[in-house]
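**Q** Given the coordinates of chain X, work out where chain V should sit on it, guided by the hints.
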Amino acid sequence: MLTLVLPLTEAEGPSPLMPHTAEIIFGFVFLILLAIAFAKLVVPRFEKAYADRTQAIEGGMNAAKQAQAEAKAALDKYNAQLGEARQEAAKIREDAREQGALIIAEMREQASTEADRIVTHARTQIDAERAQAVASLRREVGTMATTLASRIVGESLEEEARQRRTVERFLADLESSESARQAVGTDG
Amino acid sequence: MIAGVSTEFNPPGPEDFQLPPIIPGVDWFTKPVLVAGLSVVLIVWFFYGASRKSAIVPSKLQFAGELGYNFVRNSIARDAIGSQDYMKFVPYLCGLFFFILLNNVAATIPLVQFPTFSHIGWAYSAAILSWVIYNGVGIRKHGLLGYLKLQTMPAGVPLWLLPLMIPIEFISNIVVRPISLSLRLFANMFAGHILLLVFVLGGEYLLLHAGSIALSGVGVITLLMGLAIAGLELFVQCIQAYIFVVLSAQYIGGALADEH
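Chains as they are written, first to last, in our numbering: chain X, 1 to 188; chain V, 189 to 448.
Okay, chain X solo, but in the shape it has when bound (with noise of 0.2 Å):
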């Protein structure tokens, strides 16, 4: 290509294709010294702000993950707690339950005991109230008995008139005691 081009340009001066040498020179000196510009003072800078920015947004979204995760464990423990507290409720209830038919359970034996308990004393009171009547009953007819004999016996029997006032007496003693006895035995 080189030795196809050259005569064409040979009449009008240099070839095109033949370089200046201090171009040629010129062209390593700078793109060398552009080299190690970006090398010492460019590149570094930018991947400097590179490095800072991928951390700021790196620390902000670790921030980020790490508020949501404490959120997420402290929303964990309240609904543990809610889950425990309800079951606790519910434990309590149950309790209370039981307890309460246990209450009323032993209240009910007491209270029948205690009825019994009344019952079976007042059956004893009264029978011993009418054992006592019935003594009483039976020494008081004995000395009636006793008595009218006596007066009977003791008296006598010639004079009608006494006769008829010692019975009248007799008689009327009688229904006195009686009414007594009446009213003994109401009472019983």
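Where hints are given, some of them may not hold.
Among the chain X residues that face chain V by a calculated CB cut under 10 Å, a handful are [claimed, not checked]:
| hint | residue |
| --- | --- |
| 1 | Ile24 |
| 2 | Val29 |
| 3 | Phe30 |
| 4 | Phe46 |
| 5 | Asp52 |
In silico DSS-like cross-links for lysine-lysine, where the CA-CA straight-line distance does not exceed 27 Å [unchecked claim]:
| hint | chain 1 | residue 1 | chain 2 | residue 2 |
| --- | --- | --- | --- | --- |
| 6 | X | Lys40 | V | Lys276 |
| 7 | X | Lys91 | X | Lys77 |
| 8 | X | Lys48 | V | Lys276 |
| 9 | V | Lys329 | X | Lys40 |
| 10 | V | Lys219 | V | Lys276 |
| 11 | V | Lys241 | X | Lys40 |
| 12 | X | Lys65 | X | Lys48 |
| 13 | X | Lys48 | V | Lys337 |
| 14 | V | Lys276 | V | Lys329 |
| 15 | V | Lys248 | X | Lys48 |
| 16 | X | Lys65 | X | Lys77 |
| 17 | V | Lys248 | X | Lys40 |
| 18 | V | Lys241 | V | Lys276 |
Going by beta-carbon spacing under 8 Å, a handful of chain V positions derived as facing chain X [as the list claims (entries may be wrong)]:
| hint | residue |
| --- | --- |
| 19 | Pro202 |
| 20 | Val221 |
| 21 | Ala224 |
| 22 | Val232 |
| 23 | Phe235 |
| 24 | Tyr236 |
| 25 | Ser239 |
| 26 | Pro279 |
| 27 | Cys282 |
| 28 | Gly283 |
| 29 | Trp310 |
| 30 | Tyr393 |
Think of the hints as simulated: they come from the structure by calculation, not from any bench.
The beta-carbon is built from N, C-alpha and C at its ideal position, and this holds for glycine as well.
**A** Frame of chain X, contents of chain V only:
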């Protein structure tokens, strides 16, 4: 007008690229050297200013700098070389990209209007530097024989084809690459500049010196076309900078690739 008729039109040619030295007697100090030197100063000044604070929340200047830096770092270096080794080459590739870009675009900037890389010496030095780097890192990683094997013996080629493949691969991967790199950049800049010269000088000649109203009208059209060509050239200038750096990065990536 009458004087214009007698003027002969000289089509632009390679001699238009032979610029006189800026300071008479100092032969090496030409316009490309001045433009390239200014571009180096500009690039370093801009990127140093943009990166100086290395703030987490970037200023507009830092944002602009990061935009350019990121483009080379991620879209070119990391994609071509791989995320393991690319950081070592980011400074060179950044310098290379912005150097070529600025010097190419300088061809469109008024008062400069000369593509540095239409002088092939610049393209040679950039291509040689890339060649030295990709071969150097390849040899350092694989050893000389390992590197030659990597570059000249593609995986999965049958044994009987190797006598054919090794020379072809050697020429295409080791010999031709710097030439194609430099020629592609140089030829695009050179041809683009000549194209612009043809349209602008031709348009000017037709407009002012051709001597007829009709040809003057054609001259106006030609100049407008030249404007369109300048827009196209701006696009080509950016593309060529990108291609040069992408290929350099790919050569480095290929040299660092693990043996199959």
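**Q** Look at each hint and say if it fits the structure.
**A** Checked hints:
The criterion of a C-beta within 10 Å of any C-beta in chain V is met by Ile24 (chain X), whose closest approach is roughly 4 Å, and the hint holds. A hinted interface residue such as Val29 (chain X) counts as satisfied when its beta carbon comes closer than 10 Å to some beta carbon of chain V; here the least separation is about 9 Å, so the hint holds. A cut of 10 Å between beta carbons decides the hint on Phe30 (chain X): the least distance to chain V is about 5 Å, and the hint holds. Satisfaction of the interface hint for Phe46 (chain X) is found here, the shortest Cβ-Cβ separation to chain V being roughly 5 Å, below the 10 Å cut-off.
Here the hint on Asp52 (chain X) is kept, as its CB sits about 5 Å from the closest CB of chain V, short of 10 Å. This hinted pair checks out: Lys40 (chain X) and Lys276 (chain V) have alpha carbons roughly 12 Å apart, not beyond 27 Å. About 21 Å separates the Cα atoms of Lys91 (chain X) and Lys77 (chain X), which keeps this hinted pair within 27 Å; it holds. For the given pair, Lys48 (chain X) sits about 15 Å from Lys276 (chain V) by alpha-carbon distance, which is consistent with the 27 Å threshold.
The suggested pairing of Lys329 (chain V) with Lys40 (chain X) holds, with an alpha-carbon distance near 24 Å, which does not exceed 27 Å. The straight-line distance between the Cα atoms of Lys219 (chain V) and Lys276 (chain V) is roughly 33 Å, outside the 27 Å bound, and the hint therefore fails. Straight-line distance between C-alpha atoms of Lys241 (chain V) and Lys40 (chain X) comes to about 14 Å, which keeps the hinted pair within the 27 Å bound. A C-alpha spacing of about 25 Å is found between Lys65 (chain X) and Lys48 (chain X), which places the hinted pair at or below 27 Å, so the restraint holds.
For the given pair, Lys48 (chain X) sits about 39 Å from Lys337 (chain V) by alpha-carbon distance, which is inconsistent with the 27 Å threshold. As the CA atoms of Lys276 (chain V) and Lys329 (chain V) are separated by approximately 14 Å, the hinted pair is consistent with the 27 Å bound. At roughly 18 Å between alpha-carbon atoms, Lys248 (chain V) and Lys48 (chain X) fall within 27 Å of each other, so this suggested pair holds. About 18 Å separates the Cα atoms of Lys65 (chain X) and Lys77 (chain X), which keeps this hinted pair within 27 Å; it holds.
Restraint check for Lys248 (chain V) and Lys40 (chain X): satisfied, since their Cα atoms lie roughly 22 Å apart, inside the 27 Å limit. Pair hint Lys241 (chain V) plus Lys276 (chain V) holds up; C-alpha atoms about 22 Å apart against a cutoff of 27 Å. Nearest Cβ of chain X to the Cβ of Pro202 (chain V): about 5 Å, under the 8 Å cut. The hint holds. A least Cβ separation of about 5 Å between Val221 (chain V) and chain X falls short of the 8 Å threshold, and the interface hint therefore holds.
About 6 Å separates the beta-carbon of Ala224 (chain V) from the nearest beta-carbon of chain X, less than 8 Å, and the hint is met. Against a cut-off of 8 Å between C-beta atoms, the interface hint on Val232 (chain V) holds, since the closest Cβ of chain X lies about 5 Å away. For the restraint placing Phe235 (chain V) at the interface with chain X, the shortest Cβ-Cβ distance is roughly 4 Å, inside the 8 Å limit, so the hint holds. Below 8 Å, beta-carbon pairs count as interface contacts, and Tyr236 (chain V) has one with chain X at about 5 Å; its hint therefore holds.
Taking 8 Å as the C-beta cut-off, the interface hint given for Ser239 (chain V) holds, the closest approach to chain X being about 4 Å. Checking Pro279 (chain V) against chain X by beta carbon gives a least distance of about 4 Å; that is within 8 Å, so the hint holds. About 5 Å separates the beta-carbon of Cys282 (chain V) from the nearest beta-carbon of chain X, less than 8 Å, and the hint is met. For Gly283 (chain V), the suggested interface contact is upheld, since its CB lies about 3 Å from the closest CB of chain X, less than 8 Å.
Below 8 Å, beta-carbon pairs count as interface contacts, and Trp310 (chain V) has one with chain X at about 5 Å; its hint therefore holds. Given the 8 Å rule on beta carbons, the hint for Tyr393 (chain V) is violated: about 19 Å separates it from the nearest Cβ of chain X.
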